[in-house]
Each structure stands twice: as structure tokens, then as C-alpha cells.
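With chain V's structure known, arrange chain C on it following the hints.
What follows is each chain in one-letter form.
Number of protein chains: 2
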Amino acid sequence: MPHTAIVLFAHGARDPQWAQPFEQLADALRQRRPEAKVEIAYLELMQPSLANCIAALATAGISDILVVPAFMARGGHLKRDLPTLLDSIRQQHPQLHIQESPALGESPVVQAAMANWICDYAGSSHTS
Amino acid sequence: MPHTAIVLFAHGARDPQWAQPFEQLADALRQRRPEAKVEIAYLELMQPSLANCIAALATAGISDILVVPAFMARGGHLKRDLPTLLDSIRQQHPQLHIQESPALGESPVVQAAMANWICDYAGSSHTS
Numbered sequence: 001m002p003h004t005a006i007v008l009f010a011h012g013a014r015d016p017q018w019a020q021p022f023e024q025l026a027d028a029l030r031q032r033r034p035e036a037k038v039e040i041a042y043l044e045l046m047q048p049s050l051a052n053c054i055a056a057l058a059t060a061g062i063s064d065i066l067v068v069p070a071f072m073a074r075g076g077h078l079k080r081d082l083p084t085l086l087d088s089i090r091q092q093h094p095q096l097h098i099q100e101s102p103a104l105g106e107s108p109v110v111q112a113a114m115a116n117w118i119c120d121y122a123g124s125s126h127t128s
Numbered sequence: 001m002p003h004t005a006i007v008l009f010a011h012g013a014r015d016p017q018w019a020q021p022f023e024q025l026a027d028a029l030r031q032r033r034p035e036a037k038v039e040i041a042y043l044e045l046m047q048p049s050l051a052n053c054i055a056a057l058a059t060a061g062i063s064d065i066l067v068v069p070a071f072m073a074r075g076g077h078l079k080r081d082l083p084t085l086l087d088s089i090r091q092q093h094p095q096l097h098i099q100e101s102p103a104l105g106e107s108p109v110v111q112a113a114m115a116n117w118i119c120d121y122a123g124s125s126h127t128s
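Sequences listed follow chains V and C, in order. With full-length UniProt numbering applied, the first sequence corresponds to residues 1 to 128, in that order. With full-length UniProt numbering applied, the second sequence corresponds to residues 1 to 128, in that order.
Do not take every clue at face value.
Because identical chains share one entry, a pair is satisfied inside a single copy or across any pair of copies.
Claimed, not checked - Below, a list of computed lysine to any residue pairs in the SDA-like style, where the Cα atoms sit at most 25 Å apart:
#, residue 1, residue 2
1, K79, P108
2, K79, T59
3, K79, W117
4, K79, H97
Hint data in this document are derived by calculation from the structure and do not stem from the laboratory. What you are looking at is a predicted structure, and each value in this text was computed from that prediction instead of being measured.
So here's chain V without its partners, still in its complex pose (with noise of 0.2 Å):
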């Protein structure tokens, strides 16, 4: 059983097709990663919600989470929301080990592979 989870936390949309990239990302690194649980949880209109996801988590003897906020910038959802709903966590579960990562979209490694893309993307187009 594995002691350790990565959680993907994103937004959230009305859309359930919005979800996708998010699942494709899980399921990539449940295939990376087989000794940790990769689960996806929301800020809003999706579920589960930070706060249940971890819940479960730890029912589930999970004991190390990595909360990984797939968001392309920070701004106030990272800033106050993510801080605050961890704090109400850690304080539910203090057995956890919790920690966050940089958001995805701020990493030079993801930042160096979309400014490939685009370049590629705009070379294989009509406005190069």
C-alpha cells in the first residue's frame, strides 16, 4: 500500500470535458510513479474538493502528500485560497506531512517546453 499521494489541485469548471488534461496528467504519472496514489482535486465546481480528497487520503493511510497546484500563474487562488484550505487541513489531519509545489505553470521546465510548442505550433502554421 502505498504511505505517499500526489495531489493535482486545479480549478475546477462547469465543463466536465475541462477535466481531461488534468486525468491524462494523473494517469501519466500513476504510470511514472506506481508507489504513490495521484489523485485529482479542486478549488470549485468539480469534486472532490482539497479538503475530501485529503480526507480520504488519510483514511487510506496515506502518511506524505504533495499538493501540486496545476494552475498557470499564481494569483489569489494560490496566494489565500490554497494557504487557507491547508491550514484547515493540516489542522484535521496534524499526522500528515503536507507539503506544495512551485504551481506548474511557473516551473522553467514546463515554461521552456510551452515556448517550444508555440514556436513549433507558430513554424507549422501560416504565420510563420
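Positioned in the frame of chain V, the structure of chain C alone reads:
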């Protein structure tokens, strides 16, 4: 004078720092494609709007524009808001050739980079 432009179309936020990753990405694109103008436009809360950005590009003599949705996923903003904006912009500037790319977060290259980065981050943190 460049005839082509790449416009990163981002959601916008109240926090000015939120725009930073998009500005970094725009700078990287400017270095990689000096022959193109690279701009950022916002759906809401930040300026310029997509309509104002493209109007300025048209005034500057740009003829070909690639709009790149700098979004993690495709929901109502990209399925409804962006097409509505682009319809209106195309009517106002029938001489422009405007293309739209998939959302950044949906690109397989960006997805792979996100998976790599998360695995590396998780591996170097206490959750490994």
C-alpha cells in the same frame, strides 16, 4: 517590420504578479522568434483585452496572428468566450488572418514536461 504576431491569451487576475509567468513566456518567444511580434491579451481583470490587442496589431501592419490560449484546459472560456471574441474581432478586421492554437495545457509536449517536472519535484522532496 514584422507581419506576424503571436498573442498569448490568458485569463487575467486581480493580482498583478499573476501575469509574471506569461510575461516570461512572451520574453522567451521574443528571443526565439524575433521576426514576430509577441503580445499578451487577457479575457478579464487585466489589460489589454484581446480586441484591443489585436486592433493595435492591425494598426501596426500585422497581417497574420496566432492566438495561443495560455490556459491549462479547455472549458467555457475557450469553447464559448474566445470564439465569440474572435468572431467579433474578425468582423472588425476582415483583412487579418487569425488562427487559434490548442490550449497550452493540452499540448502533449507541455503535458510531458509537467509530468517530468512533478516526478522530479516529488523525487527530490520528502514525499519520495
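Verification of the supplied hints:
no. : hint          : in the structure
1   : K79 with P108 : within (20 Å within a copy, 28 Å between copies)
2   : K79 with T59  : neither (28 Å within a copy, 38 Å between copies)
3   : K79 with W117 : between (28 Å within a copy, 21 Å between copies)
4   : K79 with H97  : within (20 Å within a copy, 39 Å between copies)
The structure fails to meet hint 2 from the earlier list, while all remaining hints are met.
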